[in-house]
Every structure is written in C-alpha cells, then in structure tokens.
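Generate the whole structure from the sequences, applying the supplied hints.
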Amino acid sequence: MISYLRRVLVESWLGRVVAIVIFLAFVGWGIGDVIGFMSEETDVVARVGQHRIPTRDLAMALRSEMPTITQQMGVKDPSALSPIMQGQIARQILQRLIAQAELLEAARQLKIIVPDSAIREEVFSLPYFKGPTGQFDRAVFNQRLSAQGLSEQQVLDMIRDDLTVRTLLQPLAQGSRVSNTLLKTLVDYGATTRLVDLISIPVAAQPVPPAPDTATLQRYYANHLWLFGTPELRHARIVVLSPQTVADTITVDDTQLKRAYDAQSSHYNVPETRDIQLITATSEADAQNIANAWKLKGSWQAAQGAIKGAASVEMPGARPTTIPSDVLKQALFQAPQGQVTGPVKTEMGWSVFRVTKILPAHSTSFADARQEILQQYRTAAAPSVVTERRRQLQDAIAGKGLDAIPDTIGAAAISGSLDAQGNTAEKQPAPIPASGKLRDAIVHQIFTQKAGDPPNLLEGPDNSWFAVEVDSITPATPRSFEQAKGDVLAAWQADTRHHTADQQATSLFLAARQKGSIAGQTASGIQITRDIPFSLANPGKALPPEVASYIPRMKAGQAVMAENADTFFVAVVTKVFVPNPPAPIDVLQKLKNNLTQAYGDDLAASYVQDLNKRLPPHINNAAIQAALAAAGFGGPVQ
Numbered sequence: 031m032i033s034y035l036r037r038v039l040v041e042s043w044l045g046r047v048v049a050i051v052i053f054l055a056f057v058g059w060g061i062g063d064v065i066g067f068m069s070e071e072t073d074v075v076a077r078v079g080q081h082r083i084p085t086r087d088l089a090m091a092l093r094s095e096m097p098t099i100t101q102q103m104g105v106k107d108p109s110a111l112s113p114i115m116q117g118q119i120a121r122q123i124l125q126r127l128i129a130q131a132e133l134l135e136a137a138r139q140l141k142i143i144v145p146d147s148a149i150r151e152e153v154f155s156l157p158y159f160k161g162p163t164g165q166f167d168r169a170v171f172n173q174r175l176s177a178q179g180l181s182e183q184q185v186l187d188m189i190r191d192d193l194t195v196r197t198l199l200q201p202l203a204q205g206s207r208v209s210n211t212l213l214k215t216l217v218d219y220g221a222t223t224r225l226v227d228l229i230s231i232p233v234a235a236q237p238v239p240p241a242p243d244t245a246t247l248q249r250y251y252a253n254h255l256w257l258f259g260t261p262e263l264r265h266a267r268i269v270v271l272s273p274q275t276v277a278d279t280i281t282v283d284d285t286q287l288k289r290a291y292d293a294q295s296s297h298y299n300v301p302e303t304r305d306i307q308l309i310t311a312t313s314e315a316d317a318q319n320i321a322n323a324w325k326l327k328g329s330w331q332a333a334q335g336a337i338k339g340a341a342s343v344e345m346p347g348a349r350p351t352t353i354p355s356d357v358l359k360q361a362l363f364q365a366p367q368g369q370v371t372g373p374v375k376t377e378m379g380w381s382v383f384r385v386t387k388i389l390p391a392h393s394t395s396f397a398d399a400r401q402e403i404l405q406q407y408r409t410a411a412a413p414s415v416v417t418e419r420r421r422q423l424q425d426a427i428a429g430k431g432l433d434a435i436p437d438t439i440g441a442a443a444i445s446g447s448l449d450a451q452g453n454t455a456e457k458q459p460a461p462i463p464a465s466g467k468l469r470d471a472i473v474h475q476i477f478t479q480k481a482g483d484p485p486n487l488l489e490g491p492d493n494s495w496f497a498v499e500v501d502s503i504t505p506a507t508p509r510s511f512e513q514a515k516g517d518v519l520a521a522w523q524a525d526t527r528h529h530t531a532d533q534q535a536t537s538l539f540l541a542a543r544q545k546g547s548i549a550g551q552t553a554s555g556i557q558i559t560r561d562i563p564f565s566l567a568n569p570g571k572a573l574p575p576e577v578a579s580y581i582p583r584m585k586a587g588q589a590v591m592a593e594n595a596d597t598f599f600v601a602v603v604t605k606v607f608v609p610n611p612p613a614p615i616d617v618l619q620k621l622k623n624n625l626t627q628a629y630g631d632d633l634a635a636s637y638v639q640d641l642n643k644r645l646p647p648h649i650n651n652a653a654i655q656a657a658l659a660a661a662g663f664g665g666p667v668q
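Numbered according to the working numbering, the sequence shown spans residues 31 to 668.
There's no promise every hint is true.
With a straight-line Cα cutoff of 20 angstroms, these simulated SDA-like cross-link-like pairs (lysine to any residue) come out [to be verified]:
#1 620 x 221
#2 585 x 574
#3 545 x 529
#4 545 x 527
Pair by pair, the computed Cβ-Cβ distance ranges are [said to hold, decoys possible]:
#5 294 x 352: 11 to 21 angstroms
#6 366 x 329: 18 to 28 angstroms
#7 492 x 163: 44 to 54 angstroms
#8 366 x 158: 28 to 38 angstroms
#9 611 x 492: 43 to 53 angstroms
The hints are simulated quantities; they were obtained by calculation from the structure and are not laboratory data.
Using N, Cα and C, we set each Cβ at its ideal position, and we do this for glycine too.
So this is what it looks like as structure tokens:
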C-alpha cells in the first residue's frame with residue numbers, strides 16, 4: 031500500500047530516509063518460508079502473524095503497477111503477457127506487501143501505536159493536498175482521492191501504516207555510529223600519499239635509424255610475411271536489429287509522455303533549495319560563542335572547533351520538506367545568503383547556521399521535458415521491442431533473405447567489403463551499424479560463414495540480432511619483397527625505434543631500482559616529472575594508468591617499469607606519508623555522515639530481513655489468481 035500511495039499521491043513524503051531504507055530492503059529478497067492456505071477462501075491473499083493482506087489490496091496494486099511494469103518491458107497491453115509472466119509479476123508485487131505486513135506485525139507485537147494527531151499532521155503536510163494558498167485544502171483532498179478511486183479511510187490507513195513502519199525503523203537507521211578509530215583508519219588509508227618521480231620515454235622521440243642493407247630488410251620481410259600481403263576481403267550484406275537501431279522507431283503518444291511527466295513532477299518542478307552549514311549546541315552561551323568565532327574568522331572549520339561537543343552538519347541542496355523542525359525550517363529559509371545567523375532555539379538545542387548557496391525554485395515545462403522523457407521511454411522499451419520485432423525480421427529473412435527487410439521494424443542494413451579486422455580495403459573501419467562485442471561477433475560470422483550460404487538470424491550480445499550473407503571472397507595475396515620494400519623499411523624502422531626505447535627504459539629502471547631514485551638521470555629523448563602526488567582518495571591524472579595501478583603497493587625507494595602503445599615509463603616512489611590533517615574537517619564530517627547513514631541503512635535492512643525469517647508468510651495461491659482476475663488479468667499462476 032505504501033508503494034501504491036507513493037505513486038498515486040506524491041513522491042516527497044516517502045522520499046525521506048527511512049522510507050528509502052524500506053524500499054531498498056524489499057528489493058531482491060525471497061518471500062521466505064511459504065505455507066499455502068489449506069482452505070479455498072480467496073478474500074485474503076497472505077497472512078503474516080495476525081496481519082492479513084486482503085486480496086483487494088493486491089488487486090489494487092496490480093491495477094496500479096502492472097501497466098508500468100509491462101511498459102518497461104516494452105509491452106503496451108498487460109493482457110498480452112503470458113499467464114506465467116502475469117503470475118510472476120503478481121508475486122513480485124505481493125512480496126512488497128508481505129514485507130510491509132511483516133513490519134506492521136512486528137510493530138503490533140511491540141505495541142507501537144500512531145496517534146490520530148500524527149496522521150492529521152502528516153496529511154496536512156503533503157504538498158499534493160495543498161491549495162493555492164499553500165495550506166491543506168479539503169476540496170483538493172477530495173478531488174485527488176476521487177481521481178485515484180481512493181476513499182478517505184483508505185488513505186488514512188495507508189498513512190498510518192507508513193508512520194508505523196517509520197516509527198519502527200527510524201531508531202535503527204538513526205542509532206548507528208561510526209567510531210573515530212574506524213574513521214581514522216579509513217581516512218589514513220585513503221589519504222596515504224606517495225610522491226612519485228616519473229620518466230617517460232616516447233617511442234616517437236627516438237631517432238629514425240638509417241636504412242639497413244638489403245639483406246637485413248629481406249630477413250625482416252621473411253620473418254614477417256603476414257604484414258606485407260593483401261588481406262583476404264569479403265563482400266557481405268549485413269542486417270542488424272538492436273536496441274540502438276530500433277529506439278528511434280518507437281512511437282509514444284503525448285498522453286503517455288504527459289503521464290510520465292506528471293509522475294516525475296518532483297524532478298521537473300524543483301522548489302527552492304539551499305546549501306546550509308549548521309552547528310547545534312546544548313546551551314545558548316555555547317551557541318553564541320560559536321557564532322562569534324564564526325563571524326570573526328569567517329571559517330567553517332573554525333566554527334566547528336569553537337565548542338567541543340557541538341554537532342555540525344552540512345546540508346547541500348536542502349529543501350523545506352527535509353528540515354524536521356518548523357522553527358529551524360522558517361529560520362533557514364528566511365536567512366540571507368552568506369550571513370552567520372543565530373543562535374536560534376529549536377527542539378534539538380541552540381542552532382547557528384550559514385546559508386552558502388541559494389538555488390531559486392525552477393520548473394521545466396512538459397514541452398521542454400518531452401524529448402528527454404521520450405528518450406527515456408525509448409531506452410527502457412527498446413530491449414523488449416527488439417524481442418517483438420525479432421520475429422518479424424526472422425520471417426522476412428526466411429521468406430526472401432536479405433532482399434526484402436521491412437522498413438518498419440528498425441533494422442539497419444549495409445553491404446560492403448572488409449577484412450578480418452573489420453577494416454575496408456583502404457584500412458578504414460567498415461561502417462557496420464554496431465560497436466563493441468556485437469561488431470566483433472558480426473565480423474567473426476562473416477569470416478566463418480561460407481560464400482553463398484543462406485543468411486540465418488543469429489543472436490548477438492546485449493539483446494541484439496544480426497544476419498549476414500557473404501557474396502564473394504577476395505583471397506589474401508602475398509606481395510613480393512620488391513613490391514613491399516617501402517612498407518618493409520617503415521616497419522623495420524618502427525620496430526627498431528621501439529626496441530631502442532625499450533632498451534633505454536630498461537637501463538633507467540635497473541639504475542633506479544639500485545639507487546632508489548632517478549637522481550642524476552639525464553638522456554636525450556626522455557621526459558622527467560618529479561614529486562607527483564598520488565593517493566587513493568585523490569589519484570589525479572598526472573600518472574598514466576599503466577603506472578598508477580602499481581603505486582598503491584609500493585614503498586619509498588621502489589621502482590617500476592611499464593609501457594603503453596607509444597611510451598615506456600619508469601617510476602620511483604620517493605616518499606610515503608599521511609598528510610596532517612589528512613583531509614579538511616568538512617570532508618571528514620561528510621565522510622562520517624555518509625558512513626553513519628550507510629550503517630543505519632544496513633541495520634534497518636538486516637532487521638527487515640530477519641523479520642522475513644521470524645514471521646514467515648502464509649500465501650493463498652488461489653487468492654493470487656483471484657486478485658489477477660479482479661484486476662482484469664488472469665491465467666493460471668505457476
């Protein structure tokens with residue numbers, strides 16, 4: 031019910047931290063020990079302790095969620111799904127209802143009761159039910175419920191259940207703490223910095239050797255015959271059906287796009303947000319001292335250290351709905367930017383804060399967002415559309431080969447000659463309408479298939495399909511030494527320059543490993559960069575990846591040699607240390623807050639998972655079928 035209300039009402043009130051934990055905890059878990067009902071009743075689809083999940087709740091969730099799920103699968107009409115697939119989706123939706131029921135049952139056993147006043151306050155705070163004045167509007171409330179086919183009692187029950195779950199999970203999520211010892215260990219590990227001296231030896235910087243005698247070139251030619259012949263070329267016709275080729279052919283009417291726009295209203299209609307630095311102290315005197323230090327030095331770090339025991343936090347992109355205190359909310363969103371404000375008395379103590387950035391409210395119209403929404407829909411729907419159109423392509427190929435591919439299915443067709451590396455006779459990449467592994471699979475099939483063989487539709491990687499027909503084969507032909515003499519000389523010179531750079535790098539590496547440094551190293555054609563800082567927290571880009579992968583395991587005085595396609599490298603670690611302080615105070619606080627949040631999420635998720643074991647559901651399979659039928663679907667449930 032929570033997930034249903036979340037979709038049909040408003041995102042913001044369930045976007046809070048605890049609700050996010052709930053939904054994350056539900057994803058991917060099994061239903062647990064399932065015991066089927068022995069009776070034939072179909073008005074209850076599952077039992078968890080004393081809690082019942084009515085069949086009508088599952089049917090309501092199916093009506094709400096099934097169209098969205100099937101659209102994401104690329105199927106316009108949910109009734110087109112097989113009964114087995116409908117049953118699987120129904121069980122997936124039921125799984126979420128069961129997880130919520132387990133939490134509500136645990137709350138009942140713990141005697142957690144949500145008062146009516148809290149429900150009333152929650153309803154009044156929902157933006158979805160507010161009128162033009164910004165206050166709760168009974169007429170708007172009734173209109174919204176009528177439009178969604180909900181009764182007032184249903185909505186109140188949904189909100190009561192949500193508040194009950196939040197009351198149960200919130201202490202777990204907020205009760206976690208990260209020790210300073212653990213934080214210091216993690217920070218020191220990430221902040222450990224190594225200073226690196228780097229020598230680069232570009233192959234291109236090596237002198238071009240003079241042409242050798244003919245005997246040397248002939249010997250090089252004889253040892254590298256495969257480099258100097260004309261490669262085998264195959265002329266082929268290719269048809270590709272992939273999510274990329276069909277995306278632009280997927281049409282969506284504006285009604286669906288507008289519905290998606292409305293569902294993402296919180297994304298396209300953003301209220302005013304503020305970046306806030308906030309410090310809370312237990313007494314007004316301490317808060318005043320913090321404010322004085324902050325105003326005097328103007329430094330966030332100085333303000334944090336003014337009073338021991340004060341709690342500080344940074345809130346980037348804060349919205350009014352994310353501030354739990356009405357008093358603090360009003361002060362924060364009335365304060366000017368850049369000014370230290372406070373002390374302000376709140377329910378949590380005395381607060382001093384500074385607004386560092388204000389982003390005004392902004393809205394994106396449907397007309398401006400339409401193309402983005404359309405692209406999102408096409409990207410999501412394309413894999414399923416490929417599955418549907420694959421049959422049409424297969425039928426077309428079976429009927430007339432590659433001569434009559436329909437223009438309406440989004441398949442891309444091309445023909446031309448290429449070699450086994452996917453290049454044309456001019457050594458340019460062949461314009462195959464595919465990339466990566468799919469392109470490799472197509473080229474491989476062209477050079478595996480015999481000329482004249484009928485085309486077959488083959489499955490490629492990432493939900494793609496292709497067919498090829500090889501028209502003709504031009505065999506590889508060797509060139510004589512005289513014909514290829516210019517290419518032989520160029521290849522010999524390139525190999526010689528590469529070998530020279532390799533020898534130079536090896537000599538420098540052996541010397542650096544013996545000395546523990548590159549001091550005194552000078553030679554033509556080398557580049558030296560000293561004292562390059564490297565840490566896991568800030569790896570930077572000054573070190574090439576081939577070298578950077580070794581650095582975290584190296585000690586001071588150790589050397590390493592590496593290379594890429596056109597350069598050799600010699601690197602020496604000259605110093606290993608932990609900066610003091612290892613990171614700015616605000617960065618440390620942000621890391622601690624993130625770790626605390628992660629631990630809180632893990633605690634809440636572990637609790638929900640344990641409930642799944644302690645409160646195994648009893649599922650009525652007949653009621654699942656009844657819910658499908660009541661929602662307008664059907665078919666036997668497997």
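Results of checking the hints against the structure:
no. : hint                          : result
1   : 620 x 221                     : 15 angstroms, holds
2   : 585 x 574                     : 19 angstroms, holds
3   : 545 x 529                     : 24 angstroms, violated
4   : 545 x 527                     : 27 angstroms, violated
5   : 294 x 352: 11 to 21 angstroms : 19 angstroms, holds
6   : 366 x 329: 18 to 28 angstroms : 19 angstroms, holds
7   : 492 x 163: 44 to 54 angstroms : 52 angstroms, holds
8   : 366 x 158: 28 to 38 angstroms : 31 angstroms, holds
9   : 611 x 492: 43 to 53 angstroms : 46 angstroms, holds
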